[in-house]
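In order, the protein sequence lines correspond to chains A and B.
Just so you know, the working numbering puts 128 at position 128 of the first sequence, and the rest follows in order with no gaps.
Just so you know, the working numbering puts 389 at position 389 of the second sequence, and the rest follows in order with no gaps.
If you're looking for bench data, these hints aren't it; they were derived computationally from the structure.
A quick note: this is a predicted structure, and the numbers were derived from the prediction, not measured.
C-beta atoms are modelled at their ideal positions from N, C-alpha and C, and glycine is treated no differently.
Be careful, since some hints might not be right.
[What the hints assert, rightly or not] If you want the ones that stay clear, here's a sample from chain A, every Cβ over 10 Å from chain B, calculated: (1) VAL10; (2) GLY49; (3) PRO194.
[Claimed, not checked] On the chain B side, residues computed to face chain A include the following (Cβ under 10 Å): (4) GLN307; (5) SER318; (6) ILE466; (7) THR505.
Listed below are the residues making up each chain.
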Amino acid sequence: MPPPAKQPNVRVVTLNIDGRDLSAREDETIIEVCRENQIPIPSLCYLDGLSVWGACRLCLVELAGQGRLLAACSTRVAEGMQILTNTEKLQRYRRTIVELLFAERNHVCSVCVSNGHCELQYLAQKCGVDHVRVPYRQVAYPVDSSHEMFRLDHDRCILCTRCVRVCDEIEGAHTWDVMGRGSDCRVITDMAQPWGESDTCTSCGKCVQVCPTGALVKQGTSVGEMVKDQHFLPILARRRHAQ
Amino acid sequence: MNLDDLADLAEQYRAADAGVEREVRVCLAASCQSSGALPVFDALTAELGKERPACKVKGVGCMGLCSAGPLVSIAEKDSTLEDSVLYRDVAPEDAGDIIASLDGPPVERLRCPTDQPFFARQQKIVLENAGIIDPDSFKSYVAVGGYAALVRALSEMTPADVLREVTISGLRGRGGGGYPTGLKWSTVAKMPATQKYVICNADEGDPGAFMDRAILESDPHRVLEGMAIAAYAIGANKAYVYVRAEYPLAVERLQTAIRKAKRSGFLGNKIADTQFSLEVEIRLGAGAFVCGEETALMASIEGLRGQPRPRPPYPAESGLWGHPTLINNVETFANIAPIVREGGDWFAAIGTERSKGTKVFALAGTITNTGLIEVPMGTSLRDIIEVIGGGIPGGKAFKAVQTGGPSGGCIPSQHLDIAVDYDSLKTLGTMMGSGGMIVMDETSSMVDVARYFMEFCMTESCGKCIPCRAGTQQMHSILDRLAKSQATRAELALLEELCEVVQATSLCGLGQTAPNPVLSTMRYFRDEYEAKLGDA
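Isolated chain B, as found in the complex:
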């Protein structure tokens, strides 16, 4: 199969829907479903009936503004979210009005403007299909140009060409560490081995992060396409997606996507009629945060206890069952198809000097627009929180934003103008992490925040190495006493000492970064710690 054949196929799929002019798109991602999108979908389908062949009710993926869900958009076929009429907080009773308005003016009482900064300031690469295509439909993905990058790579590019494009793009791992993706791929590609593996890390466990879930629920084929391109580039024929079992909808959509892609010849044996084959299997995480750490994740896939091992050897050298393994995050793989399609230079033109492309952030906490956004790297934190996020509700003042989850740190208001990328966040004592942003207002106690994250790390520690197992517990008990105004100055000094030891000596990233929330809240809000001392 070449690109022309694929274009014919896409044309064929589009022709099957030729009669449809307008679409009623209902967000059926997890957060809208939890606020009642399924009854809305049924009501709209029933209301539309069969009399209007030119209209169609369609379940789609995440539209971003989760706090306003269930979201419904009325769009001309093939148009984007910005060009559609968007309705917020839709209830099943509104179905009649919405369907009636298809021929007339929109229902103003439900309207959610799409020209507001939340939508207008975003730049979508990873989420370009989210909220537009039906995630359960293979045809829907191919109709918008899906799998063209894979077919292009297989029919027109050598593995070395693919590696070059990914390296030129400057893409860095979206899971948190920011390791250059091109470098990781070429390292695995250079390993002399007959058996290699590709793993997609979808064990997103940070509190307040839901980027990977939204991507898998909105556009699962894009992740599979990225994985297939990666497997072709490094010479692997077996891939695993490690998803946490807490994401049942993502797992279901991924299973459907794998099945349909396989049936259509885009996964499995002889993909797109070439000699390249790839088997993709799903492995479910059993609820351990530490299994997001790559060596623990691989142990879990192998059926062992999910705990990390010392590195080196890195997975690129010795991974799954000792074979060279490429392991990337969901969002990293979701960036691959556009890079192969548009070229590495196109991608490298977006973002900052050392962090290229866009980043998906999950806005959570006390912020007006809770949800998912995608902005170019280098967007200022103030833009993200005050303009796109709509600021703090209820007239409260902004206090800090936690990035990077329990491994990251907080950023106070005096640093809001920083341009967000991997390196700038590091200088502030936090990290990009997978992209969760938890916004806190003036009523939040930073000692409580530190205690919460320490409790998270303590309960999620696997128990293998001593500093993390026993250290997080001791730190938590000091923070707990601090929060209750019982701790002494000596205990505060001990807390700082423990932070240093745990950070320097722990075996894996979980322990090494567990003290970060404490250290960063201490750095910016030392006075709150002092005020909580029992012997002050």
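For reference, chain A alone in the conformation it holds in the complex:
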């Protein structure tokens, strides 16, 4: 007689996303299941390997029987969930959110070093943002070029805090943080001193690679030249997790 089966700690559930029946471990989030099954869900703050932030609100999905929209990055799957990821309403909301981002700071793609390799630009195209209905705020933001290898342009920052999280969680330096509130928020290094004078920065460049826009870039790059590589992140995160 075989020994009795050991009950696993994590159960497997089945759920339905956009009409497709899928299986998932119950400790997975909706966005992980969607990525695994090539169901496109837009997101800016979410990044595989970093902690969940839940701030960009682009990954909101509709759940049957629930009036409120749920963020796919921070919602765990459950048995029998019926999820819609791309309804007309969601498309409208996503488009408006991307427009709000474009109007908030100075995202001028044609002169941006990340032109053509920018996640915000890509999402805008995906969400059908052919023009922005809200007025541009036209506020001047500073550029910090004090670091010998990298540059920070607040004009392009969308405050997704990927840099803050990767620096804290992966590199362990916690050079980055956010100061101010509301639209006065900005990312800072150490105690809001120039990046080049930061005592804690290890110049590892992880923040630059995870930045979705042209806010954090390598020095010396010109228009369209800044291509980012984020492949290191999930590998690093998994290896660390396995230890």
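On the provided structure of chain A, position chain B as indicated by the hints.
Chain B only, in chain A's frame:
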């Protein structure tokens, strides 16, 4: 310690004051202090001198009618506010007349009738001791039966008994959401954890709301007692009171209360000689409205940036430092001692079908009687504003009342007869909120009102999620242009669209409810928006 021991203690405290027959009670809560109650208190104390041992000048908490402050009441010992002689707008020069009148007829020129509806129509549970006891005196609270509910819970009830009474009472969270308190408590109680926390949310930030401040300034021990009972019921041994630093007097009185309760064995280790212990600590908010949101509040207590995180997990499952946490509002905790004392059924008999008990409201704006009232749930808005509040001063006409602060909406005159409870306000597109009521007369422009609240939300947005951070700013700029008669019809349509997006997509309650003042003023006063259009 059992209930008899506590009764003996209370008797002992009362005996120490046995010689005093009449009390001159001076309101020393923040609003009366700001209109000069401290010099009045000193003048009365000096005038009374030492010749009259049967009389005593006593600093007390809020008596409610803040617009008439400084308030002084002359009362027989242990009598309520309604049975006392109340004086309004008292100045230090009046001290002589007031003390002289102790043996004779009252000073008519200062008299404020206590049989007027403002006092007569109230039903006090939360504020039962406010204006009667000295908030800085532990003895004063015990003498009127304080801590009896805690001792009763610890000596005669199991945690399950306490949970049952609170559930039966039908009490719902007084912070705004109206979540059933019994359900919240039993959820935390069921969490298998060795470390749990209790938090009292006293970060009252709505413009025009001052209920929690008045409760903390008038009867701080009642809140501590409620927290201790909650901690016993859910199995917590550590509690925090998160108070905004803008309430220095409330913080001071709370600190005094914690110190005295601890010294007398009603907080700290082995409370009332049982195995139950509770440490209570105060944390001060640094001036961010968003820290009233529970997840932001907990981040702030942990020493992190005060910004919300996605829920679930709810605090009941993963709260402070990841431990199960019970978080309730000041007024919710203030209701607990009476519920344990009188029983859940007693409480459930007050109020409406789905909203039980009483509610404290702060009346502000263009209303005759500005101040604090406590009425049963289900009291009509007309009663609150026209009868208790005394209507609009200066012969102006009533236009609307804003409830729920920047998260709520306005209610116009055609809905004044609605019985106020959590659900009825929701059907009108507003919410109970913490209980602030801002009354507006015919001279108020509703576009200005919407712009004011939007500006509040914009400056108080933490900046974490995009819809709230950038959306409130765009909405504010459209409202600003509207108020200046510069906006176009297309911008008005855009405003409505932004309202929908921000409401549906924001991360926390602040953003989700930020469009409410705009939506509700648009619903009832659309014509004012139309009239303000630049291209009309």
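Going through the earlier hints one by one, which of them does the structure break, listed in rising order?
Going through the list in order, the structure violates hint 5 alone and respects the others.
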